[in-house]
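Below are the chains, spelled out letter by letter.
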Amino acid sequence: MTAASRHRVAAWVPALALVALTAAVTLALARRGGISAVEAAPSYVPLTARDALARPEPAGPDSIRFVEHPDVYPVGWPSTGIPLALANPYERNATALATGARLYVAYNCIDCHGADGSGSMGPSLADGRWHFGGRPAEVFESIYQGRPDGMPAWGGRISNDQIWMLVAYVRSLNGGRDVSTANFTGLKSRTVERSGH
Amino acid sequence: MTRRRSAAALALALIVAGCAPDSGKGAGGPPAATVGGNARIAVPRPGPPGEWPMPGGDYSNSRYSELADITAANATKLQVAWAMSTGVLRGHEGQPLVIDNTMYLVTPFPNVAYAVDLATPGQPLKWRFRPENAQAAAGRACCDVVNRGAAYADGTIFYNLLDGHTVAVDAKTGEQKWRTRMGDVSLGETITMAPIVVKGKVIVGSSGGEMGVRGWLGALDVKTGKVLWRAYNVGPDKDMLIDSSFRPFYAHDKGANLGVTSWVGDSWKRGGGVSWGWVSYDPALNLVYYGTSNPGPWNEGMRPGDNKWTCAILARDADTGALKWVFQVTPHDMWDYDGVNENILVDLEVNGAARKALVHFDRNGFAYTIDRATGEVLVAEPFVHVNWARGIDMKTGRPILNPDKLTGEGKLVKEICPSLEGGKNQQPAAFSPQTGLFYVPTVNLCMDFKVRPVSYIPGTPYIGADAPERLGAGGFGGEFIAWDASNGKKLWGIKEPFPLWSGVLVTAGGVAFYGTLDGWFKAVDARTGAPLWKFKVGSGVVGNPITYRGPDGKQYVAVYAGIGGDMGLLIAGDVAANLPYDVRERGTTLPDLAKWTSWGGELFVFAIP
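As given, the protein sequences belong to chains E and S, one line each in that order. For what it's worth, the numbering used here labels the leading residue of the first sequence as -2, then goes sequentially. For what it's worth, the numbering used here labels the leading residue of the second sequence as 45, then goes sequentially.
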């Protein structure tokens, strides 16, 4: 795998086939680097720190389906390869947080993980607890390469830049609190509005 | 049902079970007082009455049993006979099967199957089958990782895997006979429904209506697993298996390719309309009946038109899959009122005339009595509080909409009743030919609804709306009601603090059984609704009780305890003690449910000692 091909896979392509009636907010996001709705699947690509921080580049392979994260890691399955201590270039950047919040809706994260990350089909992102690690690089990796319980791999589908903004937003959701497992019989604890499916 | 056939079935039961005759009145006995004329089960159960051979008990989906040892007079003496852990702590919808002194269970994902030897004390396993099942399916299912049960035929157990496969397992050995990939889980196409077997075919339908997939019903060869036909619920006539024999009852349902032309552009391709509910079968008409889910996305402005044939009841030829008639219960749904609830096949009188009917309690809050040969609506009345429609226009079968409750762009619509969980959801009702009544587990929730834009991204939810729910008027969560389908009238009801998500069993002993989200399993008098008995099981009940005669001659009643399903995600997802990385704050919908129950996965079996 050459550095150039890595860049190509991780790059973004403009939205091609958004639903005709999809509203302006999504189109606006697409102009910044939105969802591609196209044909073959990109293969999994490990990232270097340099790649992960690279600015989005135009052009890339077309893809309509996500790379499926394997059920079980095969021997030699690569991690993203980025150092766990890698800082998010957008951490606590107010503009990036706001964009991340819009991306969270635009990429349908909201209907799996719930409004404000309160949990739904997918796990809560607001409990201050992380299945696969909560450091920025770990959350990046979860979004980039997907996770076994159905989290799609977004690497190559959206720009690394957008993934970092999502990381910033997702990490902001619990506000540093650790949601207690003991709060459910107390009547004073917060409740969240939820939709069924 | 003729008396002769009933007597033959009873005789067979005596041979198989080697036990004393049923003490109560079977369907062959003198009929008890009925409402609405001599209503009877259209397709009585094949085989011995002491077994539970298919998901709904019989092809009619009546969930009625002729066993009558447990009666309104002695049900107070019920006790736990035995219990068993399934090893899975998720929503246990569905029910076991009992055939030839063996009980067959299927768990939620990872969809392990168990065969339990009922003839040996301690109920040891005969076998356990753990299928290959893609882990990704767990995160692609909208409403918990449920499975609604297995079907049986020719010494084989058939069931569906969450990752979109159908499997056949040897009932004696637990060995897999075949495995067929029916759905594409990478697109969010899962399978949760219980199949039925009709004339050598396993009938299977898809889930994933919240994921922008296109729904279908398929038939697989019981011997080989080969797909014999697959009929889409949305799309061109060719895909839908519509030919010149298609005869919908209403004029507005006639025409070519309505599954395309009632949509805008190619929105039908990701329009939902999946078939995740129960399937019924009438051998005399050779028709299979089932319902279709909501259209996708929930944001109705993205799909103007009737969106045929979502939220509809379909009748297909069992041999070819050809569509014979269809009735769209909720045209252009904008409230997530799936039409997948069970269709109970009953012959009854309407306005003094004998009708071959199906009775359907829809999510939209109306109970429909429909001519099952033609699709004509005979009776349509609300069975819960309904405010999105003022009634059903009996000339067209279409709802008379309340303009104040239409959802759409730029509106926050408040207090829509019922909520998207429906006046009733997947939990099936039961019918007793003794009383002529339907026993219906209902939900009393209302919702606010606000749409938002959504893009179709394969494998992710395609919803585009927020719809928080709360208890409806009266402050109760659900009600167990008795319904007269000839006249569209509720006779009595038992209010419950939480929404009902458990199915119903009713027996010739005059007893109706159901469970509650807060973990009570209850027996009530089928005539009066008088409470007879209750027992607090290990977790909220979202499964469906069954009854069988054990090898010892006793009548047993079995039910799963294991809260979950969509209700479980809403209100109990936050009580799993073993998921330190998934702590969810209490929901506003039912904030105190976690005081009463927690995740579980057990089978409870009751008998009179």
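Take these hints with a grain of salt, some might be off.
[Claimed, not checked] Covered stretches of chain S, going by a simulated chain E footprint (3 or more residues, C-beta under 8 angstroms):
no.	region
1	278 to 290
2	463 to 475
3	499 to 506
Treat the hints as calculated values from the structure; they're not laboratory data. Here a beta-carbon is modelled for each residue, glycine too, at the ideal position from N, C-alpha and C.
Here is how each hint holds up against the structure:
1. Note: the region 278 to 290 of chain S has 0 residues with beta-carbon separation from chain E under 8 angstroms; the three-residue rule is not met and the coverage is violated.
2. Chain E is given as covering the region 463 to 475 of chain S, and this holds because 3 residues of the stretch bring a CB closer than 8 angstroms to a CB of that chain, at least three being needed.
3. By the rule of at least three residues with a Cβ nearer than 8 angstroms to a Cβ of chain E, the coverage given for the region 499 to 506 of chain S holds, with 8 such residues.
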